[in-house]
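Colleague: Sequence:
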Amino acid sequence: IPPMPTPRAVPCVITHQSNVAVCGGFINGECSAAVEVFMSSTSQWHRAAPLPIPGGVTQHIVMQDACYLGGGMLTNAFKFQRHVFSASLSQLFQTLPCDQQPSALHTWTSLPDMPYLGSALANMGGTLLAIGGADEQTETEEDQEKEATTVHAYCPSTSSWVQVGTTPLPCAFSAAQLLPSGQLMLIGGFESKKVHIGTLKLQ
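Counting in the numbering used here, the sequence shown runs from 1061 upward without gaps.
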């Protein structure tokens, strides 16, 4: 694969039918909104519609024909965000040559912010979940007492986040994975080594 047109660190990477979209990340120490797509049919990189807000270290979930990007950092000073964007995969991979600006492409839809910073996104049977989080960034063991145990689901019909349950333990800035058994795996957090497997308590 040819090198990316723009060098960047910790972008979000989404794949679809052998195509690759590289979204956001840090460019020269600053967060970027740029989205570039490698199309396997042409073996070339193309420009796609930029993110509504620059961001790096962003989570993503792919569900059916849609992808969701959420959280991440607004700056390289560890300022985290609650923003969530969605796009259909067909729109995301709508591109222009790299020498043209993608101003005419309309891809991303802004969803309501997640209730907490540092929530982990997960897909539960086609429902987008935001798991745990904190009102502020957790930096010390005392701050970890402020971490949430709530699980929120995005409700498209009301365009809102609704609390649907709780986690086995408080968590923030963790990675979450729903296992085939239906249990939840929580991995890490702010300077945390913990790995926990438990059951979501849904309402």
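Just so you know, the hints here were simulated from the structure itself, not pulled from any lab data.
We put the CB at the ideal spot given by N, CA and C, even for glycine.
There could be a bad hint or two in this list.
Estimated spans, in silico, between C-beta atoms of each pair [stated by the list, open to error]:
| no. | residue 1 | residue 2 | range |
| --- | --- | --- | --- |
| 1 | Asp1195 | Ser1101 | 38 to 48 angstroms |
| 2 | Leu1134 | Lys1206 | 36 to 46 angstroms |
| 3 | Ser1100 | Lys1139 | 11 to 21 angstroms |
| 4 | Ser1103 | Ser1220 | 41 to 51 angstroms |
In silico DSS-like links for lysine-lysine, alpha-carbon gap of 30 angstroms or less [stated by the list, open to error]:
| no. | residue 1 | residue 2 |
| --- | --- | --- |
| 5 | Lys1253 | Lys1139 |
| 6 | Lys1139 | Lys1254 |
| 7 | Lys1206 | Lys1254 |
| 8 | Lys1206 | Lys1261 |
| 9 | Lys1206 | Lys1139 |
Colleague: Hint by hint, work out which the structure violates, then give me just those numbers in ascending order.
Modeller: 2, 3
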